[in-house]
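2 protein chains.
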Amino acid sequence: MNMASLAWTAPVAGALALLTAYLLASKINRQDPGTPRMREIAAAIHDGAMAFLNREYRTLVYFVLALAAIIVIAGFTTDAMQWQTAIAFVTGAVCSILAGNFGMRVATQANVRTANAAQHGLNKALDIAFSGGAVMGLSVVGLGMLGVGIIYMIFGNPDIVNGFALGASSIALFARVGGGIYTKAADVGADLVGKVEAGIPEDDPRNPAVIADNVGDNVGDVAGMGADLFESYVGATIAAMAIAVVNEDIDPNLAALPLLISAGGIVASIIGTQFVKGKEGANPAKALNMGTYAAGIVTLVIAGLISFLGYGTHIYFTAVVAGLVAGILIGQLTEYYTSGDYGPVKSIADASETGPATNIIAGLGVGMMSTGLPILVIGIATLVAYAVGAGSGQGLFTIALAAVGMLSTTGMTVAVDAYGPIADNAGGIAEMSHLDPKVRKTTDTLDSVGNTTAAIGKGFAIGSAALTALSLFGAFATASGLGNVSMTDPKLIVGLFIGGMLPFLFGAMTMNAVGRAAMQMVEEVRRQFREIKGIMEEKAKPDYARCVEISTGAALKEMVVPGLMAVAAPLAVGWLLGVTALAGLLAGALVTGVMMAIMMANSGGAWDNAKKYIEGGAHGGKGSQPHKAAVVGDTVGDPFKDTSGPSMNILIKLMTIVSLVFAATFGNGLLPL
Amino acid sequence: MNMASLAWTAPVAGALALLTAYLLASKINRQDPGTPRMREIAAAIHDGAMAFLNREYRTLVYFVLALAAIIVIAGFTTDAMQWQTAIAFVTGAVCSILAGNFGMRVATQANVRTANAAQHGLNKALDIAFSGGAVMGLSVVGLGMLGVGIIYMIFGNPDIVNGFALGASSIALFARVGGGIYTKAADVGADLVGKVEAGIPEDDPRNPAVIADNVGDNVGDVAGMGADLFESYVGATIAAMAIAVVNEDIDPNLAALPLLISAGGIVASIIGTQFVKGKEGANPAKALNMGTYAAGIVTLVIAGLISFLGYGTHIYFTAVVAGLVAGILIGQLTEYYTSGDYGPVKSIADASETGPATNIIAGLGVGMMSTGLPILVIGIATLVAYAVGAGSGQGLFTIALAAVGMLSTTGMTVAVDAYGPIADNAGGIAEMSHLDPKVRKTTDTLDSVGNTTAAIGKGFAIGSAALTALSLFGAFATASGLGNVSMTDPKLIVGLFIGGMLPFLFGAMTMNAVGRAAMQMVEEVRRQFREIKGIMEEKAKPDYARCVEISTGAALKEMVVPGLMAVAAPLAVGWLLGVTALAGLLAGALVTGVMMAIMMANSGGAWDNAKKYIEGGAHGGKGSQPHKAAVVGDTVGDPFKDTSGPSMNILIKLMTIVSLVFAATFGNGLLPL
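Chains as they are written, first to last, in the working numbering: chain V, 1 to 673; chain G, 1 to 673.
Excised from the complex, chain V in its bound form:
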């Protein structure tokens, strides 16, 4: 059978995912949204979140149009570049935006219904919250495969399809950075003034930043995360397709293979979501894990069928397995370094005994140390995936397939990831609506389950980012005509240095942005407590909208510079210093970006759980000196794990895809060196 003729399965699977998402959304919509008070709060969160997203998209329109124009111009001036790439680019951006918009719209409907259902038991609430997450997950993979599949079937040219990945990456970076700044500014503002200074509990309606904080969970952890994984998913698929085409040793018909595996992953994810059914009295974690495992097993079966029966070889199956195993291992390592059950987090809790400084040192130490084993796993997976295909000259392609395999169950991963903030939001709504404290307990249980399961998702995100960036890099190196290079070529070395520095610069920019935005929020919350009399006695309502406004404005303003840097840096180096320096830049950024991503995510997670571990009663529990020290670590960890760290993965891929799309335009650079 000519497997390439099956490419149509990708958009069909995508459409199927969207249909399922639509049915789930309708089901959610039919649920009771509770009391008028609950509806009012939910509406405030929903409106704030949608308003942010819409303003964000309006800002990005200019960026998308400008970059599209540059692509068109380059397409007309360079034979090796097609202006049609601009169409793919805009389509990728629009699909990403649609996925984020639809997913978050449903998530902000599911939260209040989850809160209401939690009055009637854990399982009903689990079902609604997870359905909300599944809408996001299936929208991401559905629009991803529908878009990539259609663009591929129309143009048939992976060079043009690369534009789709560029669109997805651009939106992802801005959404991650903007959403990350929004959520942390609101979070820190609400915590520092509300909890610490005013002494009111989390999610208290008297806190002016409380709505902004809940909006933040949606724009950061639902929409931002969704755009991130949309990018990973289509990025990995397209990277593998691009390599299949540029590499002369590979049958170009293999370009359809990544589409087939991703299509299979969609089917697997839809099946997986059906396995998430809570049992009365059972731990809901079991239900989530059951869904994840089911999706993984179905993916393996489909990948096996495609590889053995469709192509008559084991190599594609083996590559997919290498990717999946590496993803799981990195997930387990993430769990080890960030869970309160193991040594690293306990060592941070121990260090909190001697104050915040030793807590910080220990947390940074854990994060830095935690780069070691995941890097070895990525290295081994890379060598194995390469070795599988190297004999037939397909080594780079099989590396790319490992990333596709790792990400094939993205639909399920995103569903689990997005379920967390929905449960979290439900708890906030329960609190603010003064529901029975038992409701909050139920939503807290759901929320904490999501945290654990999400660790595996993070492993997949980091591992796949490294492999995808590597594949895109391979495609770039081939497409740009970069032959063998001398490792002592100073252009290469200077490129390496500049590239290695960019993630540090980017990390500094995003952390400082959170700092500045949080500062604004702190001042506003303090002002409201001071100027609006009667807030503390619940006689006057705080001005929630003003806080939402501040977070929105700050996030939109602060996301611009780091976002533009990510696009401009590779173009500037490529055009000025040429393709060798640019290759160095990408390699350097890949290396430090992956390290920083692992370190920041794990330091942040470990600090968070060290605090929770102490709150569980260790070292004197809540309110003790060690607890205060641990709160400092947790606050430092917030921008680490929710803003700067996750953006690193996108940064390295975006810079590579920019280079890949413009590969034909660089040459030896304009500077006479």
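It cannot be assumed that every hint is accurate.
Just so you know, same-sequence chains aren't split out, so a pair can sit in one copy or run between any two.
[To be verified] Restricting the straight-line Cα-Cα distance to at most 25 angstroms, the calculated cross-link-like pairs of lysine to aspartate or glutamate (DMTMM-like) are:
1. Lys628 with Asp350
2. Lys628 with Glu353
3. Lys557 with Glu353
4. Lys628 with Glu523
5. Lys124 with Asp203
6. Lys346 with Glu523
7. Lys557 with Asp350
8. Lys622 with Glu353
To be clear, the hints were calculated from the coordinates, so they are not data collected in a lab.
Chain G: place on chain V using the hints.
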């Protein structure tokens, strides 16, 4: 004139430096060491410091002998490696040890005499403290050039001379790590319990850790720093020599050129030290700067003479100038990011208003941001130095010469660097001996001047480390027969990842080591306050020796694993995965190592000065909430700037020199890939 025949000038200049150092040491020894109480305290510091150094050396004997044996075995089994390299290796190690030993011996005699002289005025004290620093500086360059020069004249083979650099690097890494752990464990222990818990001032004789703290300044900031710069100095010279020989385009007689420039730098440094004369009423910073500028100008004149007259070309002179200018610029940038006079430190002080968490975020942000411009400066200097020589095929050699130029005035740089801790120690002795508070003020003035001047030295250390590692890398690539490589070779990429991860692992290990050692010290100091009655009333003497013992034991124990990792990692990757993966490893480590070095040094320095800026009266001054937050940042910064950060520079060079020495043994690696 055959310039190569002038190689004898290097050992002669070295001998001259040692003679000058000896004369300065005698002069110091003739000064009055003050009252019996002062002598007793000084003796305790001196004995503790020498005891540590001797035990450290005894530990290192095994390492040196083992590595020498491996070199001999490799030399007998591989034609391309000489067993004589082991002789050079041991000589390099011994010279480094001698320089550290002699310099620190004199420094611990100069401290008490500085304290005594400070009773009679600033200038007399400046003279003695700086003379003490100059002994260290001239010992470093003297033994460096004497050793390199003699080894080169005996064997005439730069392959063998590389062994000398390996010896210097090995000792440097252990000395920096061990000294860094020692000094920070003692410092944190003394501060956390003495200052914070017991509420007694800095350098109070009732603090059991006070002697250990003062010993730490000597073993860390004098001996450790000296070994570090010994390594940089000989490393840069030898890297340039090695390139001159392996590169077939270059006249091998040029191997003597780096020796000539370094010899000229020694003369310049000796002259520079003569310019450091305090004037009554003038700022002593002027005297130090005068000396630094004088040394720089004389170096330029000598380099110009050598280049234009000796070799009849401008290119060597231009390369030296590129290096010097880059070093100065990086120094200025360091100053900008870490001095209380500029925005970055003030922004950290501002962020301290909202507590320790925002202080930490701001400090990390400043450190990460501060990688940007220095990397651009290093990049431009590399391209310029390369462009100068590229036309005649000497591009790599001229890059190496830029590093030699940057480091040629090391004698003067080390003098200024070592002067600081001598003045600091003098203040401690004055305090403990209950001298007039005016004496302490005088020594504080001297100390603070040293801090500012040292910033430029740090710029040179970082810039030269990058260029030297790059040169060594070039020599390795040539010597190992690494031809052009494919940037998508998975071995290269996996090597890049592993190499990029090693500085993170190394940073985690050294930071955790400081944490553990400090914890032990905290417990011991608490125990003494609890069990030895009458300490606080000065009726009973604390057990200083026990604290010295703890710091010594912890530092020696903790330095072993990171030190061995630095030597073992390149050998393991080279032997298992082959020379391409090893090249990747070195490039990856170079990139992240330089970033981490800059970030950690600058974050640490900025936190330190943000605290001092607040202590100067800003944000409520000493004792205010912002001050407490700033103290947290300063404590986190301690292992950053004094242990982990400075070790990074050595780590990347040591791994490269190990690879260079064993270059002939790697081949394609044992694993079948």
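So, going through the hints one by one against the coordinates:
| no. | hint | in the structure |
| --- | --- | --- |
| 1 | Lys628 with Asp350 | both (13 angstroms within a copy, 21 angstroms between copies) |
| 2 | Lys628 with Glu353 | both (10 angstroms within a copy, 17 angstroms between copies) |
| 3 | Lys557 with Glu353 | between (39 angstroms within a copy, 24 angstroms between copies) |
| 4 | Lys628 with Glu523 | both (22 angstroms within a copy, 21 angstroms between copies) |
| 5 | Lys124 with Asp203 | within (23 angstroms within a copy, 65 angstroms between copies) |
| 6 | Lys346 with Glu523 | between (35 angstroms within a copy, 19 angstroms between copies) |
| 7 | Lys557 with Asp350 | between (40 angstroms within a copy, 21 angstroms between copies) |
| 8 | Lys622 with Glu353 | both (13 angstroms within a copy, 24 angstroms between copies) |
This entry satisfies every hint, going by the numbered hints stated previously.
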